[in-house]
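**Q** Sequence:
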Amino acid sequence: MKSNFSYELLIIGGGISACVFASKYLQNNLTKKIALIEFGRGFGGRSSTRLSKRFRGWKLNHGAPSFNISNSKNNPLLKNYINELLENKFIKNDDSELIFLGDEHKIENIKKSEFYLGDNYLSSFYMNELSQKIIGSNNLRAKIDLFFETLIVDLRFNNDEWTLTSMNGDKFKSKYLICTSNLLLHKRSLKIFNINQIPLRKAIPQNKDKKIDLLLNFLDKQLFIPRLTFLIYTNKNYRYKDFYSKKYRYFHLKKSLEKKYKFERIIFQLQNNNKIGIVVHTKNSDFINSYIKSNDEEYLKQKIFKNFNELFSKNNSVNQLTYNEGFSIMHWRASQPSGCAVPLSLQLSTKYRIGFCGDWFEGEGFGRIEGSILSALLLAEKI
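Be aware that the sequence shown starts at 4, since it is given in the working numbering, and climbs by one per residue.
Don't read these hints as lab results, they were simulated from the structure.
There may be inaccurate statements among the hints.
Pairs of lysine-lysine residues, derived as DSBU-like cross-links and limited to a Cα-Cα distance of at most 35 Å, are as follows [said to hold, decoys possible]: (1) Lys286 x Lys309; (2) Lys309 x Lys76; (3) Lys211 x Lys385.
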């Protein structure tokens with residue numbers, strides 16, 4: 004049965020940016036009726052946790068298991084918020100082992116990478132729980148309605164009111180709209196939804212709002228890094244060769260090894276039952292296209308395990324995999340933005356009562372969790 008809902012404010016997306024914005028907005032607007040709409044099964048976005056239905060009891064962070072904050076400009080909003088997360092014990096400093104595979108990589112060059120500058124943090128829980136804790140802080144979660152597994156496919160703005168329609172026909176009306184996902188604003192939505200006009204452009208025709216026109220122009224130039232994530236559920240006897248006992252262990256491949264083995268990074272994650280989960284990230288187009296065309300999970304498993312065992316054949320820490328290990332694949336709908344960033348000056352259109360935040364905005368946090376948090380804090384100040 005199709006339903007109709009009405010709110011003061013709607014938020015599209017359930018990642019960290021959405022949760023940070025919602026928590027800050029609700030602190031100053033406790034009487035407002037708001038809702039968050041997310042296509043996935045839970046919070047987190049690209050920084051989420053896979054609770055497998057097939058492999059019961061496993062929790063694997065299949066996106067970013069940790070994040071760094073550089074804040075080289077010493078932004079007080081960001082600084083105070085990170086301190087707030089630390090004080091609430093939502094996050095903690097990450098002292099996990101980080102290993103770069105490749106002889107010519109020098110540690111001083113690694114430290115210059117934007118993904119390792121500043122301070123590194125872990126969620127005190129799992130990554131999806133970090134978003135839950137953020138939106139639930141000060142008992143704010145009771146003030147917001149949550150709609151998961153709900154995909155918005157159409158936007159309309161008429162009579163100073165937004166109307167959103169989901170794939171199953173439900174309608175959501177609100178005075179204000181916040182987009183943390185840019186799927187409905189980007190040309191990639193045309194292929195995903197099989198439509199001929201970007202949903203936001205359909206809602207706001209060209210030349211009606213200069214800010215919206217500029218925002219869509221920037222997004223038209225913005226690229227995305229598609230990825231597959233392979234999740235490996237090891238047998239109970241699988242262990243490291245050495246005596247490493249921390250929860251996470253990161254292996255990043257240099258370009259030549261990435262080209263050879265098709266892996267970008269490999270993250271080992273100790274489970275509460277002492278089993279070791281392994282998350283393999285790739286942005287290799289051959290793997291991605293092979294999966295999309297054939298959806299042959301068994302073939303990819305053989306390729307992944309073969310490359311994994313070759314890569315670590317002489318490693319002093321990592322044991323070989325057997326083909327009896329469990330295996331699943333995460334194909335990202337949301338991908339890391341790259342190239343052209345959107346200026347922060349375009350975050351808010353007062354004429355159309357719509358705001359935007361996420362890691363797709365300019366700044367040193369572009370494409371990272373830092374950018375997601377900072378843009379959400381800035382937008383909450385502007386609303």
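**Q** It remains to establish, for every hint, whether it holds in the given structure.
**A** How the hints compare with the structure:
1. Between Lys286 and Lys309 the alpha-carbon distance is near 18 Å, which keeps this suggested pair within the 35 Å criterion.
2. Of the supplied pair hints, the one linking Lys309 and Lys76 is violated, its CA atoms being roughly 45 Å apart against a limit of 35 Å.
3. The suggested pairing of Lys211 with Lys385 holds, with an alpha-carbon distance near 21 Å, which does not exceed 35 Å.
Comparing the model with each earlier hint shows a violation of hint 2 alone; every other hint is respected.
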